[in-house]
Amino acid sequence: MANVPKNVAASASTLPLPSARSEKGEKERELVRLAQSGEHAAFEELVRRHQQRVFGLVNGILRRREDVEDVVQQVFLKVFVSLKRFDQRSAFSTWLYKISVNECWDYLRKKKVRPLMYEADLSEDQVARLDGVVSVDRPPESPSERAEVRDLLERLLEKLPDDDRQLLMLKEVEGFSVQELAEMLDLNVNTVKVRLFRSRARLMDVYKRRLESHASQPKSAEGKRV
Amino acid sequence: MTENSLTRNTGACPEFEPLLEDRLSGELGGGDAALVAEHLKSCAGCNAALDHVALSSRLLSLVEPAADPGPGFAHRTMARIRHAEALSADERSIWKPFVSLAWRFAVTTAVALALVITVDVGTHRDNSYVASNSASSEDAGLFPDTQSSPVERDDFLVPAGDVTHGSH
Chain A
28 MANVPKNVAA SASTLPLPSA RSEKGEKERE LVRLAQSGEH AAFEELVRRH QQRVFGLVNG
88 ILRRREDVED VVQQVFLKVF VSLKRFDQRS AFSTWLYKIS VNECWDYLRK KKVRPLMYEA
148 DLSEDQVARL DGVVSVDRPP ESPSERAEVR DLLERLLEKL PDDDRQLLML KEVEGFSVQE
208 LAEMLDLNVN TVKVRLFRSR ARLMDVYKRR LESHASQPKS AEGKRV
Chain B
1074 MTENSLTRNT GACPEFEPLL EDRLSGELGG GDAALVAEHL KSCAGCNAAL DHVALSSRLL
1134 SLVEPAADPG PGFAHRTMAR IRHAEALSAD ERSIWKPFVS LAWRFAVTTA VALALVITVD
1194 VGTHRDNSYV ASNSASSEDA GLFPDTQSSP VERDDFLVPA GDVTHGSH
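First to last, the sequence lines map onto chains A and B. Residues 28 to 253 in my numbering are what the first sequence lists, from first letter to last. Residues 1074 to 1241 in my numbering are what the second sequence lists, from first letter to last.
Bear in mind the hints are in silico, worked out from the structure with no lab data behind them. For clarity, every value in this text was computed on a predicted model and none was experimentally measured. It is possible that part of the hints are untrue.
In silico SDA-like links for lysine to any residue, alpha-carbon gap of 20 Å or less [claimed, not checked]:
(1) Lys105/A to Ala1157/B
(2) Lys105/A to Asp1163/B
(3) Lys235/A to Gly1084/B
(4) Lys137/A to Asp97/A
(5) Lys51/A to Ala118/A
(6) Lys235/A to Asn1120/B
Now the in silico label distances, taken between C-beta atoms and shown as ranges [claimed, not checked]:
(7) Gly1102/B to Phe113/A: 31 to 37 Å
(8) Lys137/A to Glu1137/B: 24 to 30 Å
(9) Phe1178/B to Glu53/A: 56 to 62 Å
(10) Lys137/A to Gly1102/B: 42 to 48 Å
(11) Asp1163/B to Asn217/A: 46 to 52 Å
(12) Gly1102/B to Glu50/A: 23 to 29 Å
(13) Leu1108/B to Leu238/A: 39 to 45 Å
(14) Ala155/A to Asp1141/B: 32 to 38 Å
(15) Ala1175/B to Ser49/A: 53 to 59 Å
Every residue gets a Cβ at the ideal spot worked out from N, C-alpha and C, and that includes glycine.
Only chain A is shown next, with the shape it has when bound in the complex (with noise of 0.2 Å):
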């Protein structure tokens, strides 16, 4: 084991043992098998496992929060539903986050609405408060701070198009992996990578252009730009 390159035993050190991840499989389809003969506590329980991601899931997509307990709520009882017709080829996360994105763009297209709508355009200040942060790595220090920071980032991802704002927020923010973004959007993994490389390129695009446009402007005579 000395001869272990340290990043590969940091990471194995991190991981599930093997025994642990299949009992944990085997639980799950145990309380899958349980609500599909009718349960409901068997069903909640699944619902109690799974709602933190899914409502990540829901969020990054639509990223209206007064509308994302509704839809995930409605997931849950079209998973119920459904739930006799799954046959545990795959595992039950796959099935639910594949029922949850179809749900978001269903929800999108009645509603004919995009995700999240700003009316007022970012400006260059504010694009340049947000250097001021990222830049140095410095995380916001004020709640006042962290509020305007996330809505500035905010205003920052509204400007890209829906797929790249949507693969980003799921990957970067709520935490899904390569391989479940894949399974979710019938995708395969090199693609999923490939589309996220290019949308990092896409938002890096907007954000240095704000930064650009700011720059360029003359300043007055206190050094303040006009």
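Got chain A; can you put chain B on it based on the hints?
Then chain B, alone, in the frame of chain A:
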């Protein structure tokens, strides 16, 4: 097709984009890491693309993920499911069509009855109005007063004032 991540040219070598993404995510290991490191020694395009997106992870780390909905969410969801189940059971009941038909019949009958009563009341009002108007009419002779009608035959035949009955 709208421009999106698939059409965006990053300047990096397309076959290395998945590996560059792994490198950014910290998931590049083993032989792939060595391969990318070697490639970056000579590829300006991949180096520029990597520099361009380097801050993206830090930027996105400032966005807050969805908050945990809390323990009450599962209860609320199950309540909604039970409600939907009850509605569905009601829909599947074999008596439902008959109950529905009975309700429709009852409503129709009630409406018809209400119409009949309304028309009938209206008709009676009209008749009594006409009857009260006939008492002051000029054609009253056509409708002799029964009070002044002769009660006996003699009263009818003997003229008024002649009481001799022709006896002289």
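Right, here's what the structure says about each hint:
{"no.": "1", "hint": "Lys105/A to Ala1157/B", "result": "holds, 11 Å"}
{"no.": "2", "hint": "Lys105/A to Asp1163/B", "result": "holds, 19 Å"}
{"no.": "3", "hint": "Lys235/A to Gly1084/B", "result": "holds, 16 Å"}
{"no.": "4", "hint": "Lys137/A to Asp97/A", "result": "holds, 14 Å"}
{"no.": "5", "hint": "Lys51/A to Ala118/A", "result": "holds, 12 Å"}
{"no.": "6", "hint": "Lys235/A to Asn1120/B", "result": "holds, 17 Å"}
{"no.": "7", "hint": "Gly1102/B to Phe113/A: 31 to 37 Å", "result": "holds, 34 Å"}
{"no.": "8", "hint": "Lys137/A to Glu1137/B: 24 to 30 Å", "result": "holds, 27 Å"}
{"no.": "9", "hint": "Phe1178/B to Glu53/A: 56 to 62 Å", "result": "holds, 57 Å"}
{"no.": "10", "hint": "Lys137/A to Gly1102/B: 42 to 48 Å", "result": "holds, 44 Å"}
{"no.": "11", "hint": "Asp1163/B to Asn217/A: 46 to 52 Å", "result": "holds, 50 Å"}
{"no.": "12", "hint": "Gly1102/B to Glu50/A: 23 to 29 Å", "result": "holds, 27 Å"}
{"no.": "13", "hint": "Leu1108/B to Leu238/A: 39 to 45 Å", "result": "violated, 33 Å"}
{"no.": "14", "hint": "Ala155/A to Asp1141/B: 32 to 38 Å", "result": "holds, 34 Å"}
{"no.": "15", "hint": "Ala1175/B to Ser49/A: 53 to 59 Å", "result": "holds, 58 Å"}
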